[in-house]
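S.K.: In case you want the letters, here they are:
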Amino acid sequence: MRRASPLPSDTRNSKGHKRKQSVDKAFLELGRRHFAHDFPNPTRQGCPQDTVLRLLAEQPTKVEDSVLDHIALCSPCYTTYSGFLQRMKARNSNPRPQTRSPKRPRA
Amino acid sequence: MRPRRETKPGPPFLLNSVDRFGRQIAPAVLSVSMEIGPRALAYAQNLIGDPALAMNYFEEAAASVSAAIEEKKTSGAPAVRNVAAYLFRTFIRMVDDAKHKEKILQESLRESGEARIPLTEEAQVETAVLLNEVMETCDRASREVVVLRLEGFTWKEIGRQFDISSHAAEARFSKALDHARKMLKIRRRKG
Chain S
1 MRRASPLPSD TRNSKGHKRK QSVDKAFLEL GRRHFAHDFP NPTRQGCPQD TVLRLLAEQP
61 TKVEDSVLDH IALCSPCYTT YSGFLQRMKA RNSNPRPQTR SPKRPRA
Chain F
108 MRPRRETKPG PPFLLNSVDR FGRQIAPAVL SVSMEIGPRA LAYAQNLIGD PALAMNYFEE
168 AAASVSAAIE EKKTSGAPAV RNVAAYLFRT FIRMVDDAKH KEKILQESLR ESGEARIPLT
228 EEAQVETAVL LNEVMETCDR ASREVVVLRL EGFTWKEIGR QFDISSHAAE ARFSKALDHA
288 RKMLKIRRRK G
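Top to bottom, those sequences are chains S and F. Under our numbering, the residue at position 1 of the first sequence is numbered 1, and the numbers go up by one with no gaps. Numbers in our numbering are just positions in the second sequence, counted from 1, shifted up by 107.
Among the hints, erroneous ones may be present.
To be verified - Selected chain S positions facing chain F (Cβ under 7 Å, derived; list incomplete):
| # | residue |
| --- | --- |
| 1 | Leu-28 |
| 2 | Asp-65 |
| 3 | Leu-85 |
These aren't lab readings, by the way, just hints derived from the structure by calculation. Just so it is clear, the structure is predicted and the values come from calculations on it, not from any experiment. Glycine is no exception: its CB is placed at the ideal position from the N, C-alpha and C atoms.
Based on the provided sequences and hints, a complete structural model is requested.
M.R.: See the structure below:
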């Protein structure tokens, strides 16, 4: 019998599609947790400034590869970067808040 | 010929003169509400199922329309010409919004249920090793795609970031994982 694994499988079929989705979610959750908790850096050695992390989230091409390498090995920086990404995501999904009011009926 | 079946009159349509927040419903709106109420509630009941909830929304809609009419009167804006249509649309919009919110809630509850899959220590290690391999061996774009995906970005959002289609973003993610798997296999074979 095959053991359930959180790693995304190579193959896809319609029968196991729902199961695959939940497995993928578990994989993503594990991955996020791994980068956010498994690399403590209490003294913040070699950490870039928050402005650089923000730039990495908003304009990644303007930031050196070394910063991306660093966040994969430093949980505090990953968490900060993650915060900037979430803010950017929220901003992009709600470009401008709209108030809804009933339209005037046509004559 | 079969005799025509007698239809029983439905229960009387009763509407409060205030909504559940205590806002007054203007007498003019109340009389219009009595006219369109049964039809509007039938629509809402089909959609949300609960007649009491539908009635609450209807009263809210009537109170909102009353307030809007009053506001228009004081500000000198043109008056509402067809109160029935105005009220009906306000109510339908309210019900649709409620339905939409309920759908989002159901989805998030389902997702949080799925997140509670028991995750073994071995699975955690496998995931960590695979992702570390991705971050070590893959090109920069692939690494960024993986991180964005971990952070809950949809394929469409990732595609937009890189000016590629959502399918291309998904393919890049899968390719990165496949590449990392291959590298891991090679490394393990070498011992």
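S.K.: None of the hints should be skipped; say for each whether it holds.
M.R.: For each hint, the structure was consulted:
Satisfaction of the interface hint for S:Leu-28 is found here, the shortest Cβ-Cβ separation to chain F being roughly 6 Å, below the 7 Å cut-off. Annotation: S:Asp-65 was flagged as interfacial toward chain F, and the flag holds, the nearest CB pair being 6 Å apart, inside 7 Å. Interface hint status for S:Leu-85: upheld, as the beta-carbon distance to the closest one in chain F is roughly 5 Å, under 7 Å.
Checked against the numbered hints above, the structure violates none of them.
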